Amino acid sequence: MSTPIYHITHIDNLTSIITSGGLIANSRLKIQQTNYLDIAHGHIQDRRATTKVPCSAGGYLHDYVPFYFAPRSPMLYAIHKQNVDSYSGGQQPIIHLVSEAYTINSLKLKFAFTDGHPIMAYSEFYDDISDLQSVIDWELMKSKYWANTPDDPNRKWRRQAEFLVYENCPWSLIQEIGVITEMLNVVTKLYIFKYSSIIKGKNVNIS
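First residue of the sequence shown: 525, per the numbering used here; consecutive thereafter.
Because the hints were derived from the structure by calculation, they are not lab data.
Treat the numbers as computed from the prediction; the structure is a model and nothing was measured.
Even glycine gets a Cβ: it sits at the ideal position worked out from N, Cα and C.
Pairwise CB distance ranges, derived in the manner of DEER restraints:
1) 559 - 710: 20 to 28 Å
2) 700 - 678: 23 to 31 Å
3) 669 - 648: 21 to 29 Å
4) 710 - 582: 37 to 45 Å
Result set (PhoX-like, lysine-lysine): computed pairs, CA atoms no more than 25 Å apart in a straight line:
5) 634 - 576
6) 632 - 576
7) 680 - 668
8) 713 - 724
9) 605 - 680
10) 632 - 724
11) 666 - 680
12) 666 - 605
13) 680 - 576
14) 554 - 576
15) 634 - 554
16) 668 - 605
Throw the hints in and build the complete structure from the sequences for me.
Given below as structure tokens:
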């Protein structure tokens with residue numbers, strides 16, 4: 525069973541991601557003083573820094589690399605609509621780094637996942653992969669639309685469920701890079717070619 529998970533970032537961050545060996549959790553980026561183009565809501569990041577993860581390796585949300593279960597997330601929509609105070613570059617330079625949940629589990633990496641937006645007090649955390657299929661609202665993840673409705677006022681919250689990988693997600697676990705334009709496709713391929721000696725033949729599909 526394949527369960528893709530999606531991390532969004534700016535194309536300008538691809539150099540540091542590759543040269544660092546993969547995606548690194550926010551707390552470690554700050555310790556290492558890594559130069560990183562932030563596309564997130566500042567007030568949400570403040571809450572993530574103090575939101576505890578009650579299972580897996582413990583710690584806080586910022587100790588984990590976050591992935592979504594669907595490519596079209598509410599966060600991406602906020603970026604598209606220019607609703608992020610600290611970032612105004614739009615959706616065009618945003619890439620999706622795609623990994624796979626069960627592969628991460630098989631390699632014994634520490635992880636957790638939630639049934640909704642992880643900063644919300646009523647969100648539940650899990651670290652047993654056998655719970656994944658029953659916890660996540662997969663029909664909603666497959667849906668093009670996720671806005672709340674009068675009959676279902678928590679759709680947006682569920683769509684923001686996350687898969688959290690402790691401390692880092694190695695580049696070897698990135699299976700695909702999703703891009704929105706042909707130009708971004710070309711730029712991404714140039715990055716991959718430039719750092720081919722670091723990647724060492726790791727094939728990543730760019731789509």
